[in-house]
Structures are given as C-alpha cells and as structure tokens.
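Quick note, the sequences are listed as chains A and B, same order. Each residue of the first sequence is one higher than the one before, counting from 1 in the working numbering. Each residue of the second sequence is one higher than the one before, counting from 1 in the working numbering.
Do not take every clue at face value.
Each computed BS3-like pair below joins lysine-lysine, with the alpha-carbon atoms no more than 27 Å apart [to be verified]: (1) Lys102(A) - Lys68(A); (2) Lys69(B) - Lys102(A); (3) Lys78(A) - Lys102(A); (4) Lys68(A) - Lys78(A); (5) Lys24(A) - Lys102(A); (6) Lys102(A) - Lys3(B).
Reference listing, derived: stretches of chain B covered by chain A, where coverage requires no fewer than 3 residues with Cβ under 8 Å from a Cβ of chain A [unchecked claim]: (7) 16 to 25; (8) 28 to 36; (9) 45 to 51; (10) 100 to 110.
Read the hints as simulated data drawn from the structure, not as lab findings. Just so it is clear, the structure is predicted and the values come from calculations on it, not from any experiment. Note that beta-carbon positions come from the ideal geometry of N, C-alpha and C, so glycine has one too.
Listed here are the chains, written in short residue letters.
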Amino acid sequence: DAGVIQSPRHEVTEMGQEVTLRCKPISGHNSLFWYRQTMMRGLELLIYFNNNVPIDDSGMPEDRFSAKMPNASFSTLKIQPSEPRDSAVYFCASSSGGGGGKAFFGQGTRLTVV
Amino acid sequence: DAKTTQPNSMESNEEEPVHLPCNHSTISGTDYIHWYRQLPSQGPEYVIHGLTSNVNNRMASLAIAEDRKSSTLILHRATLRDAAVYYCILRVPNTGNQFYFGTGTSLTVIP
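If we strip away everything but chain A, and leave its shape as in the complex, we get (with noise of 0.2 Å):
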C-alpha cells in the first residue's frame, strides 16, 4: 500500500482564494483524521471520520472551514475564504477502528495564504 496520500504538497494561494486539500487514506482504513499544525498551536484535531461520517468536527476553527468523505477512499479539506492566518500544515491521518487501531500519516499540505 502506499500510505496515506495527499495533494498538493504545497500550496500557495491569495487571502479570499478557495482551497481545497486532498486525502486518499489507507485502503481498508475505517476512520479518517484531519490535522492542522503550527509552532504556535501544535497539532490540533480539526475532524475525524469514522465509516465516511463525521463523528467530531468540534475542532473546525470557523465556518471557512468544511471537510468531506464522500466515500471510503477520498476526503476533502476546504476553506472558502482563505485568510493568512490559515498558513500551516496540514495533516490527514487514517486507522482501522478500535483503540488498538495504528494511525498512518500523509506527508502533509504546506499551506501558504498570502
């Protein structure tokens, strides 16, 4: 398997532009993570799927934020409009089920709002 992919890596974009994050999980993998790091602000939890349904969005900064699986082997992160403060990395992580379950990492989008 490859692990976990994202796309784009990089991604530099205009304060107002929309972004859109992409994440194919682990094949197999029932629970979906995505993640927002800063020095600031460490990793911080912005949502988590379980079976494509959002069970915690809890940690979604702000209604500029929205995040989609519309079906078990793709996940979308997307924030309509960008601010600069939305510069960070970010993070989308699968595992199987149960808290035994291993959590896989991407390498993570670099997100740059200018």
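For this one, chain A is given, so just place chain B on it according to the hints.
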C-alpha cells in the same frame, strides 16, 4: 480531550538508552496508550501502543505502570535519527477513538 503530560524536552547521548515518561492519571480501563514521533519536516509516525502489558517491537519498548496512570517509552540505543518530538496519546473508545496530540517531548540526541 484525554489528557497526557510529558516533559517538554529531553537529551540523550548517542547509543545510550532513553526513557521518555508520560503521565495519564485519568486513563480508563479501555483506553489504549499510543506513542508517535514526528521527525523534522515529516508527518507523525507510529512507534508503539499497548493496553495493559508491556510491549516490545523493533523500534522501542513500552513499559506501562501497574495502575496504568503512567507509561514509559524506551529507546534501547538512541541514534541521531531518533531526534524527534515524541507524543504520548490516549485513544479513548468511549469518546470515538480520536487521537488528540499534546505538546510532546522534544528529544535531542547528542553525538
């Protein structure tokens, strides 16, 4: 969030064993203890996990206290490639199995 407490930073000499502590005094009986590490400019990677018994794998060992309120990640011989931020996380089935990351321990390995 399921809370864990770790020292902010630790140092170790190369080829020496390293013991990274973690306190999780609010742990419940079904909560799993996971350890991940994040190398510079990479995503976190799985290291080891356990429930009640000590665990060993090719990367590390996990020692879990008898009351499960603390655990220790043991790197048997630190190498320069082990320099990373190490995160201790509780995966809590009753709240949905999310992984909440704390601030972790930044490990420096001295040649």
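How about the region 28 to 36 of chain B: do at least three of its residues have a C-beta closer than 8 Å to a C-beta of chain A? Since three or more residues must qualify, the claim that chain A covers the region 28 to 36 of chain B holds, with 5 doing so at under 8 Å.
For the pair supplied as a hint, Lys69(B) and Lys102(A), confirm whether the alpha-carbon distance does not exceed 27 Å. holds (21 Å)
What's the verdict on Lys102(A) and Lys68(A), does the C-alpha distance respect the 27 Å limit or exceed it? holds (22 Å)
Closer than 8 Å Cβ to Cβ for three or more residues is the test here. Does the region 100 to 110 of chain B pass it with chain A? holds (count 5)
For the pair supplied as a hint, Lys102(A) and Lys3(B), confirm whether the alpha-carbon distance does not exceed 27 Å. holds (19 Å)
Taking 27 Å as the top limit, are the C-alpha atoms of Lys78(A) and Lys102(A) close enough? Measuring from Cα to Cα gives roughly 26 Å; hence the hint holds.
For the region 45 to 51 of chain B, count the residues whose Cβ lies under 8 Å from any Cβ of chain A; is that count three or more? With 4 residues close enough to chain A, the hint holds.
Quickly compare the C-alpha distance for Lys24(A) and Lys102(A) to 27 Å and report which way the hint goes. Distance of about 17 Å is within 27 Å: holds.
Straight-line Cα separation of Lys68(A) and Lys78(A) no greater than 27 Å? Since the Cα atoms of Lys68(A) and Lys78(A) sit roughly 8 Å apart, the hinted pair holds (cutoff 27 Å).
Coverage claim, chain A over the region 16 to 25 of chain B, checked by counting residues with Cβ within 8 Å (three needed): Contact hint for the region 16 to 25 of chain B vs chain A: violated, 0 residues under 8 Å.
Hint violations for this structure: number 7 only, all remaining hints satisfied.
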